[in-house]
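Q: Okay, here's what each chain looks like letter by letter:
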Amino acid sequence: MVIAAASLHTHAEIVVKVIRVVVGDVPRILREILEGALKLHPDIEFLHTDNDHLSRAAAAFGADAAIVAEAAARNTGLHRTVLADHPDLKMFVVTDEGRAAHMLELRRTPVVEVSPTGLVDAIRTAVLGPHGSPARGSHQ
Amino acid sequence: MIGVLIVASIRLYREGLAFFLHNCAGITVVGTARDRCDVIVQLAAVHPAVVLVDLATDDSDAIVRDIIRLAPALPIVALGISDREQDVMTCIEAGVAGFVSREGTRDDLANAIESAARGDLQCTPQLAGRLLRRVASLASRQPAVPAESRLTGREWEIVRLIEQNFSNKEIATRLGIEVATVKNHVHNLLDKLHMRKRAEVVRWLMRLGDSSAAVAPTSRR
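Heads up: the sequence lines are chains A and B, in that order.
Going by my numbering, the first sequence opens with residue 126, and the numbers climb by one from there.
Going by my numbering, the second sequence opens with residue 8, and the numbers climb by one from there.
A hint or two may mislead.
[As the list claims (entries may be wrong)] Partial list, derived from the structure: chain A residues whose beta carbon lies under 7 angstroms from chain B:
1) D150
2) P152
3) R153
4) I154
5) I158
6) A196
7) E238
8) S240
No lab work stands behind these hints: they were computed from the structure.
In this text, a Cβ means the ideal position worked out from N, Cα and C, and glycines have one as well.
Build the full structure now, drawing on both the sequences and the hints.
A: Below, the structure written as structure tokens:
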């Protein structure tokens, strides 16, 4: 006797928003730290480019967020240039100089010291919003 | 397994480096510290084989001094050093055993830690050249050690007997030692004085003004 079993499969499609992060010129060791942290999350894609091509790369990559070094922001206003081209981009400015007061000029929300995981969470929250929906018009 | 203590005030670096090094074969992160007090506590608690200090940390120079004072044999690797020669030299003179710039890779960092643990210094040929020039410069500033201070007490005794024209056999008898031992002492003292003959020793003593009582140490053997 052959017993044929049939099961009803329910395919629930979960659409995961891929977050694209473009990273400008940051110290290499910091870039590798960021890369290591971001690579752990399959919903985040990472692209490194030099500062001169950051704005163009952000457009081509369809970036949701950008990470730039505080020194570039301070010296060249890179973050403002890129934000002028891409107003919806969430901009993150990182510094390897913990004493830099420049961070205070950039903030809308309090500047916090983040772990690599905290940075990923911050990117995700900035892009998707606190409840997972895309946030608009804010940057950290 | 090399146990590393990471010292970095910036959390992104501190935790990022810990994650980073956690995945390096042969290296394990035994602790992290964010400031000077933390370093002192952690040193006693985790007994690292190497300390990695991020130079962007507040008081990083004081932290390096603390580590050297508390654990003189513990190798320190500095992270974030600039390429400026003076910064590198300052770091080395402070007692740092290895360094990696912020443009270094994870492999550079791992290699620097492994080298430091072995007691080696990993550096470029350019840096090796700088170090040699620095050593030569420092050596030229140091006053030369007087020849007489290089001799031991026993060698001084033999010098005085050579001056009195005693043979090796006579010196051996007077000092109650073997002739072969006297020959060894004579060989060594000629070497230290950069001389080849006993007569040169006598002339050298005369140049010293025959003030042997003043120059000959009596307590060193």
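Q: Would you check whether I154/A satisfies its interface hint, that is, whether its CB is within less than 7 angstroms of any CB in chain B?
A: holds, 5 angstroms
Q: Using Cβ atoms only, decide whether P152/A comes closer than 7 angstroms to chain B, and label the hint accordingly.
A: Since chain B brings a Cβ to about 4 angstroms from P152/A, closer than 7 angstroms, the hint holds.
Q: When the nearest CB of chain B is found for A196/A, is that gap smaller than 7 angstroms?
A: This hint is violated: A196/A lies away from chain B, its Cβ roughly 11 angstroms from the closest one there, beyond 7 angstroms.
Q: Return the status of the interface hint for S240/A: holds when the least beta-carbon distance to chain B is below 7 angstroms, violated otherwise.
A: Result: holds, 4 angstroms to nearest chain B Cβ.
Q: Less than 7 angstroms between beta-carbons is the criterion; does I158/A satisfy it with respect to chain B?
A: holds, 3 angstroms
Q: Interface hint check: E238/A, Cβ to nearest Cβ on chain B, cutoff 7 angstroms. Holds or violated?
A: holds, 5 angstroms
Q: Was the hint right that D150/A lines chain B, CB cutoff 7 angstroms?
A: At about 10 angstroms, which exceeds the 7 angstroms cut-off, the nearest Cβ of chain B leaves the hint on D150/A violated.
Q: With a cut-off of 7 angstroms on the beta carbons, see whether R153/A makes it to chain B.
A: holds, 5 angstroms
Figure legend: structure checked against the earlier numbered hints; hints not met, in rising order: 1, 6.
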